[in-house]
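One line per chain: the protein sequences are Y and L, in this order. Per numbering that gives the first Met the number 0, numbering through the first sequence is continuous, rising by one, with the last residue being 174. Per numbering that gives the first Met the number 0, numbering through the second sequence is continuous, rising by one, with the last residue being 99.
To be clear, the hints were calculated from the coordinates, so they are not data collected in a lab. Quick caveat, the model's predicted, so the values are computed rather than measured. Careful: at least some of the hints might be erroneous.
What the hints assert, rightly or not - Only part of the chain L face toward chain Y is listed, based on derived beta-carbon distances under 7 angstroms:
#, residue
1, V16
2, N39
3, R50
4, A72
Glycine included, C-beta positions come from ideal geometry on N, C-alpha and C.
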Amino acid sequence: MLDSLVFYFFASIAVVSAMLMVTRRNAIHSAVFLITALLSTAGIFLQLRAEFLFIAQIILYVGGIMVLFIFVIMLVRLDVALPRILSPRRKWVAISVALIVFLEAIIIVLMSRKIPGQGLLVSNPYPSDKLPPNTEDLANSLFGLYLLPFEIASVLLLVAMIGSVVMAKKRTDAP
Amino acid sequence: MMPIGHYIFLSLTLLVVGAIGVVTRRNVIIVLMSIELILNAVNINLVAFSRYYGDAAGQVFALFIIADAAAEAAVGLGIMIAFFRNRETVLADEMDLLKW
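Could you build all of it, start to finish, from the sequences and the hints given here?
As structure tokens, this is what we get:
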């Protein structure tokens, strides 16, 4: 009961602020609503007993990535007059694509009830009193079976760091 | 505990809202923010299935997706700054340097 109350609270905040983020004209307002959506997603992670990801989401997304976005919004001059955010034709294309995707997914979710066994929609979750300590479990998995992907991710971050520095550097005339 | 369909539905809603943002907005910074929203929606799905199967693999992949999102944001915003220095704009439909 409490579980579902917490879920609906965070889910409604996430959906409403995501919609506001997409529709606001001011880029800073969009960034603030995206921060709200990411924070309520962190709440949903906590409700799913993923404590490590809850902290990682707040530190990395809200503390790192969003600060980067806000810095760039402040660096870049955005107050040029935007006569129209969306042309009507583009808006209708977007709305119809969204409706089609939504209907497809609902049909798939409804059909998946007929799959034998537990189907796609697991109705009996793993018992919450038998869950291992979250961070320990995650670390065992990350540094055991998924060690190679972990190393590759570190190389990816290094490449991205060097790439963004090279990209944003002021060009000099030297070859 | 709630059935997992709720989480799938939430993730789907956030994904569709993000996709609408990517298609309709002209400001490239907001397009990048919508992509972050889409990646976040995928994370909800992974963590929900990880919780329901009692397996940490989903959370490991969610962590990788967060690292990917950080890399993508850094490179994308670096490109944005370089482009703004050249053309003084951040609107997607004025980015036509490669068209002829």
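Query raised in the report: Does L/V16 pass the interface check with chain Y, least Cβ-Cβ distance below 7 angstroms?
Result: Holds, because the Cβ-Cβ distance from L/V16 to chain Y comes to roughly 5 angstroms (cut-off 7 angstroms).
Query raised in the report: Given L/N39 was flagged as interface, is its beta-carbon under 7 angstroms from a beta-carbon of chain Y?
Result: 5 angstroms, holds
**Report entry** Cut-off 7 angstroms, beta-carbon criterion: hint that L/A72 touches chain Y
**Finding:** 5 angstroms, holds
Query - Closest C-beta approach of L/R50 to chain Y relative to 7 angstroms, hint status - result: This hint holds: L/R50 lies near chain Y, its Cβ roughly 4 angstroms from the closest one there, short of 7 angstroms.
Violated hints for the displayed structure: none, as all numbered hints are satisfied.
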